[in-house]
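Dock the two chains into a complex; use the hints.
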Amino acid sequence: MNDGLSTIEQQITSDYKYGFTSDLEADQAPKGLNEDIIRFISGKKNEPEWMLEWRLKAYRHWLKMEVPEWANIKYPPVDFQDIIYYSAPKQTKKLNSLDEIDPELRRTFEKLGISLDEQKRLSGVAVDAVIDSVSVATTFREQLGELGIIFCSMSEAIQEHPELVKKYIGSVVPMTDNFYSALNSAVFTDGSFCYIPKGVRCPMELSTYFRINAQNTGQFERTLIVAEEGSYVSYLEGCTAPMRDENQLHAAVVELIAMDHAEIKYSTVQNWYPGDKEGKGGIYNFVTKRGICAGVHSKISWTQVETGSAVTWKYPSCILKGDHSVGEFYSVAVTNHHQQADTGTKMIHLGKNTRSRIVSKGISAGVSHNSYRGLVSVAKNATNARNFSQCDSLLLGDRCGAHTFPYIEVKNNTAQVEHEATTSKIGEDQIFYCNQRGIDTETAVALIVNGFAKEVMNQLPMEFAVEAQKLLAITLEGSVG
Amino acid sequence: MLQIKDLHAGIEGKEILKGINLTIRPGEVHAIMGPNGSGKSTLASVLAGRSDYEVTGGSVEFLGKDLLDLAPEARAGEGLFLAFQYPVEIPGLSTINFMKTAVNEVRKYRGQDALDAAEFLKLMKEKMSLVNIDKNLLTRSLNEGFSGGEKKRNEVFQMAMLEPKLAILDETDSGLDIDAIRIAAAGVNAIRSKENATLVITHYQRLLDYIVPDFVHVLYNGRIVKSGGKELALELEETGYSFLKNEMNIA
Numbered sequence: 001m002n003d004g005l006s007t008i009e010q011q012i013t014s015d016y017k018y019g020f021t022s023d024l025e026a027d028q029a030p031k032g033l034n035e036d037i038i039r040f041i042s043g044k045k046n047e048p049e050w051m052l053e054w055r056l057k058a059y060r061h062w063l064k065m066e067v068p069e070w071a072n073i074k075y076p077p078v079d080f081q082d083i084i085y086y087s088a089p090k091q092t093k094k095l096n097s098l099d100e101i102d103p104e105l106r107r108t109f110e111k112l113g114i115s116l117d118e119q120k121r122l123s124g125v126a127v128d129a130v131i132d133s134v135s136v137a138t139t140f141r142e143q144l145g146e147l148g149i150i151f152c153s154m155s156e157a158i159q160e161h162p163e164l165v166k167k168y169i170g171s172v173v174p175m176t177d178n179f180y181s182a183l184n185s186a187v188f189t190d191g192s193f194c195y196i197p198k199g200v201r202c203p204m205e206l207s208t209y210f211r212i213n214a215q216n217t218g219q220f221e222r223t224l225i226v227a228e229e230g231s232y233v234s235y236l237e238g239c240t241a242p243m244r245d246e247n248q249l250h251a252a253v254v255e256l257i258a259m260d261h262a263e264i265k266y267s268t269v270q271n272w273y274p275g276d277k278e279g280k281g282g283i284y285n286f287v288t289k290r291g292i293c294a295g296v297h298s299k300i301s302w303t304q305v306e307t308g309s310a311v312t313w314k315y316p317s318c319i320l321k322g323d324h325s326v327g328e329f330y331s332v333a334v335t336n337h338h339q340q341a342d343t344g345t346k347m348i349h350l351g352k353n354t355r356s357r358i359v360s361k362g363i364s365a366g367v368s369h370n371s372y373r374g375l376v377s378v379a380k381n382a383t384n385a386r387n388f389s390q391c392d393s394l395l396l397g398d399r400c401g402a403h404t405f406p407y408i409e410v411k412n413n414t415a416q417v418e419h420e421a422t423t424s425k426i427g428e429d430q431i432f433y434c435n436q437r438g439i440d441t442e443t444a445v446a447l448i449v450n451g452f453a454k455e456v457m458n459q460l461p462m463e464f465a466v467e468a469q470k471l472l473a474i475t476l477e478g479s480v481g
Numbered sequence: 482m483l484q485i486k487d488l489h490a491g492i493e494g495k496e497i498l499k500g501i502n503l504t505i506r507p508g509e510v511h512a513i514m515g516p517n518g519s520g521k522s523t524l525a526s527v528l529a530g531r532s533d534y535e536v537t538g539g540s541v542e543f544l545g546k547d548l549l550d551l552a553p554e555a556r557a558g559e560g561l562f563l564a565f566q567y568p569v570e571i572p573g574l575s576t577i578n579f580m581k582t583a584v585n586e587v588r589k590y591r592g593q594d595a596l597d598a599a600e601f602l603k604l605m606k607e608k609m610s611l612v613n614i615d616k617n618l619l620t621r622s623l624n625e626g627f628s629g630g631e632k633k634r635n636e637v638f639q640m641a642m643l644e645p646k647l648a649i650l651d652e653t654d655s656g657l658d659i660d661a662i663r664i665a666a667a668g669v670n671a672i673r674s675k676e677n678a679t680l681v682i683t684h685y686q687r688l689l690d691y692i693v694p695d696f697v698h699v700l701y702n703g704r705i706v707k708s709g710g711k712e713l714a715l716e717l718e719e720t721g722y723s724f725l726k727n728e729m730n731i732a
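Same order as they appear, the protein sequences are chains A and B.
Mapping to the numbering used here: the first sequence position 108 is 108, numbers consecutive.
Mapping to the numbering used here: the second sequence position 15 is 496, numbers consecutive.
Calculated directly from the structure, the hints in this document are not laboratory data.
It is possible that part of the hints are untrue.
As the list claims (entries may be wrong) - Listed below are the simulated EDC-like cross-link pairs for lysine to aspartate or glutamate, each with C-alpha atoms no more than 16 Å apart in a straight line:
id: 1; chain 1: A; residue 1: Lys454; chain 2: B; residue 2: Glu625
id: 2; chain 1: A; residue 1: Lys57; chain 2: A; residue 2: Asp36
id: 3; chain 1: B; residue 1: Lys581; chain 2: B; residue 2: Glu600
id: 4; chain 1: B; residue 1: Lys632; chain 2: B; residue 2: Asp615
id: 5; chain 1: B; residue 1: Lys589; chain 2: A; residue 2: Asp440
id: 6; chain 1: A; residue 1: Lys166; chain 2: A; residue 2: Glu53
id: 7; chain 1: A; residue 1: Lys425; chain 2: B; residue 2: Asp615
id: 8; chain 1: A; residue 1: Lys44; chain 2: A; residue 2: Glu156
id: 9; chain 1: B; residue 1: Lys632; chain 2: B; residue 2: Asp594
id: 10; chain 1: B; residue 1: Lys581; chain 2: A; residue 2: Glu156
id: 11; chain 1: B; residue 1: Lys707; chain 2: B; residue 2: Asp690
id: 12; chain 1: A; residue 1: Lys352; chain 2: A; residue 2: Asp440
To be verified - Partial list, computed: chain A residues near chain B (C-beta under 8 Å):
id: 13; residue: Tyr433
id: 14; residue: Gly438
id: 15; residue: Lys454
Said to hold, decoys possible - In silico negatives: residues of chain B with every beta carbon more than 12 Å from chain A:
id: 16; residue: Leu611
id: 17; residue: Arg673
id: 18; residue: Glu712
id: 19; residue: Leu715
Heads up, the beta-carbon is just placed ideally off N, CA and C, and yes, glycines get one too.
This is chain B alone, in the form it adopts within the complex (with noise of 0.2 Å):
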């Protein structure tokens, strides 16, 4: 479903990324753990197509097309999703607004007829109780005053909304109490399915108790220094990152 081949990319001037190589297929789950710096939340706006960052080298496939060649727009459109972990606010927009247009945009990406309103408020229904999220929370302006933890849940609604094919998830336990954890972790596992993939980007171990990875990539200087199960991850949680620089400059 996605492939990145020797992916390099940075902002202003500066390599962030340093050669990434990884493959994910349906189905699967993968975690990318790395200390700060390590080029994870990059990886996230690169293949989401942030304008700010420059791609030099290499390339991404996803789901036979050139993801690196799309607009952000039309990569949403082929079932690309990122979880934001700074959700921006726009005041004035309610949630609900901003889902029917996107949605909509979206259909007629894929050459699908846009839902009416009837439509529309049944899918939504039906996504707000696998999430668990308020209503009141979708019919406030988007992300405007909202806590921490309904931001993230606001994230892992439009996840549910959108249906994508491979969803991305950007820290999205930082600043997040364990339960605030377990509720979006919840989100995100009800809409697991054998067609789609989901790459979870964290700091820590703790998201993935909940979140249970296939493989666990750990990123360090703009680069994937080791990859394995999901035992990795405790492995890391034990040992921490200080490790890896020791085994780096050994090697």
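Okay, chain A solo, but in the shape it has when bound (with noise of 0.2 Å):
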């Protein structure tokens, strides 16, 4: 029995209990990055020839480009030459049905918790499982068809809805936007693609599960999504990659966008592999996520359930140009191990009486870092524009590190811009008394975790806000002693 510090600092030994590959045959592109292979991959998807230009065009620009280096993350370059560019599981032919896919393919599923068909039956959850580089089936798209919602991967929306896709992709996110997000429009491989028709409120949570798989393959998924006026959708993108000991990169682009009066929810629990205990491998993930309030009393939310990757770079924004819109961005970070996570958001008020509420959550133990950064912004014509920010800190351990970083800048003097934030560590007491209550140590670790996040988490739809806590115990395991 030593003194309490000691005690908090013990054993850290949580392993990733999604470390599984799936052996799968992969259809996939030589390592490395050139014009013929964006070409390959263009072709492979039977592309037209705009979308080719398109990511040609993008390809051009990034070249010109240099890695971004302000982020409070430190890791080794990335050798964009030694990635696997396409790979794509090796199917025969095209699926009709659910019972079609390869029962290898649907053991990964299971494996994942997210069994299709379960899924399919007792959730109502629609699912767009991204397995590496292409969408594999799409449930429940009938059912939304009738509603004129359009779901389904991003390739066949190329292929199906050229106009949609055309007049929509970079429009939130430009090509040229930052070093990530122009890789990804070069050589993005497929994603998720939704479209909710005026007055149509989406009778059920749409969900994606991403999974890295292939070795040495970068995912670089694309993600749109349009409320046209008066609609609503909630969306859940599900994240976890297989245990390997080099890192993998991830940079995905999701762009939103809110017409007026409509509604749209982004949740997101990410749960790529971290890396092991002395910080080798993981997942780099170098996300850009906006999305706009283009029209008036538009509402654009985001969750985000971050606890995976190795490095997670990610600022899920929104643009508040409609008069009256809403963005809000709640999140919690969990760090431990060797993870580093800058992550937080951008509200940006152009249009007159905007909202935004800004609710941040760090978690950080081992020897993680674990850094808030928040830019709230109000153009010279945004009168009566408010923001509200609360952005805690966690820490277990006094190894670890919060850091916040928020940036304000307020062009218009009816602005009312608020900040709060705190820190706290988890005391030996609070444990203490869980234990005296019989609740073992890592039980109490996640209660009192939960009850941190806990504002968070109650914006999570129901059947994910479950996961979602048991993730955050699995992520934490062993953080206290």
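Structural data, given as structure tokens:
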């Protein structure tokens, strides 16, 4: 029995529970990136000429860009020529129903706990599953189709709804926006496309499950959600990846567009492989997510539970262009071992009477670093803009770090911007109190952490809140002795 | 039920308990009194298994097991409960949720099935009326923003929920007015039975007006220097602790 602090530091033994690889035969491109590879990807997907041109333009622009280094993260440089940019599980024919899916693939889903038919029967969740780069099956499509909702893979959307894709792709995140969005624009292989027509309230949660499977494959998915006037959609993205020694790159782009009176709720449970206890392996997660509240009284709400990845670089943002539009960002970011997260949001107030709310909960354990970086910007014409930001950090042990970088730019003096921040530690006395009631330390940490994150967890759709709670517990397993 | 033999313990190398001997049998209520710094709360912490205290000698047997060998949560599983002098706050975690976890963890330890939501709510309602606690309090974050009296009543409620074999009340009366003491004591008395024992730790005699002890022990300078019946508490009330010092010095 020794003093309190060392108890908290003891044993960091959490293992990644989704670390298995599936033995699927993959159809893939050779390593490296050049115009031929982009042509190969575009050709594989049988894309129209304009799409290929768009990709090439992005690629040429990317060549002139430099890797951003302003974030509070450290990692060895990524060799972009050492990555496979296209890998598809080999399938002989197009699928007509879920029953035709490769059994090995289905076992993968089952291990992930998202068996498609179970989901279909029990939860009424429409799933667009992306393994490596190709969307394997989309459930519930017909039912949604009756309402005029389009929910399909990006590849299919390019084939079947080119006019919509052409109109909106890159309209929120321009290909030239940043290094990783340019890279994604050049090589994206699949993703989800979602279109909610005017006045339609999507009757179920739409969901995508991402998983990086083949070795040395970067995953560059691209998601585009368009909500027409007066429509509503709630979308959930979940991610896992198998264990690998080497680092894998993930650079996604997500674009959301909300028209007049439309609402988009986008929730993410991110559980990419974080690397082992020594910091070996893990996913580099460089994601650009942005939504535009294009119409009046529109609303975009981002909720994220980030537990995975070796390095996370991610700022889901809202451009509040329409008058009276609302942007929200609710985040729980957990880092353990050697994980590093630099995440936050940008709320860009352009329209009048726009409101935004930021609630960020950072939890750090081990020797990890967790940074919140947020920008609240109020433009000259954005009269009566309101923002409230709350950033709380919870530390487990005394070798981890929590950092907060709030940026505020206000050009209109009618704006009201509030920022609150707290940092606290899980106390030995809290843990002992739980122990004395018969609760072991691991469970106690889970209870305390979930209490800390409750405000954000409450924003998640019910069926995923439970999963996210378990995930928090798994991630922090063994982080307190 | 509980046998403490020549227990020595301290913190950061400083010995606080210098040879405690105490035996508690089922159905008994023992009170430990003593001036500040005599080691009362240390005894409670050592029995509950707080890790910053170090046991340097002696033994403690609880229901036939070596208590000092068990982790704090296992001690709870065996039926030992400590009502804290300073209950901690856990933001975002409701007492209901906390208790559901605790009750089921203890049941798991005892090889019993977990209670489902309906069974748990039934148990909770029963215990709520027993200790006269408001449901609103239980849905709020654990102890956060609670008054002193509410915190102590919550401790008594948790005790009722966990049905311990041995309940240790560490200065449950501290900081409470007489009404709050009466309510807390009524809760404790409602749970008393022939099978259970209670160890009341207090500085003042007044709690013992409401929880009447079978035995009173005076703890001074890490040792039990005097034991007697409930009249000993009244005697102390009259003369104060200063006589102890004189008595000890003469001896």
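Hints, one by one, checked against the model:
no., hint, in the structure
1, Lys454/A to Glu625/B, "15 Å, holds"
2, Lys57/A to Asp36/A, "13 Å, holds"
3, Lys581/B to Glu600/B, "10 Å, holds"
4, Lys632/B to Asp615/B, "12 Å, holds"
5, Lys589/B to Asp440/A, "12 Å, holds"
6, Lys166/A to Glu53/A, "12 Å, holds"
7, Lys425/A to Asp615/B, "30 Å, violated"
8, Lys44/A to Glu156/A, "13 Å, holds"
9, Lys632/B to Asp594/B, "29 Å, violated"
10, Lys581/B to Glu156/A, "48 Å, violated"
11, Lys707/B to Asp690/B, "20 Å, violated"
12, Lys352/A to Asp440/A, "52 Å, violated"
13, Tyr433, "5 Å, holds"
14, Gly438, "4 Å, holds"
15, Lys454, "4 Å, holds"
16, Leu611, "18 Å, holds"
17, Arg673, "20 Å, holds"
18, Glu712, "33 Å, holds"
19, Leu715, "32 Å, holds"
Checked against the numbered hints above, the structure violates hints 7, 9, 10, 11, 12; every other hint is satisfied.
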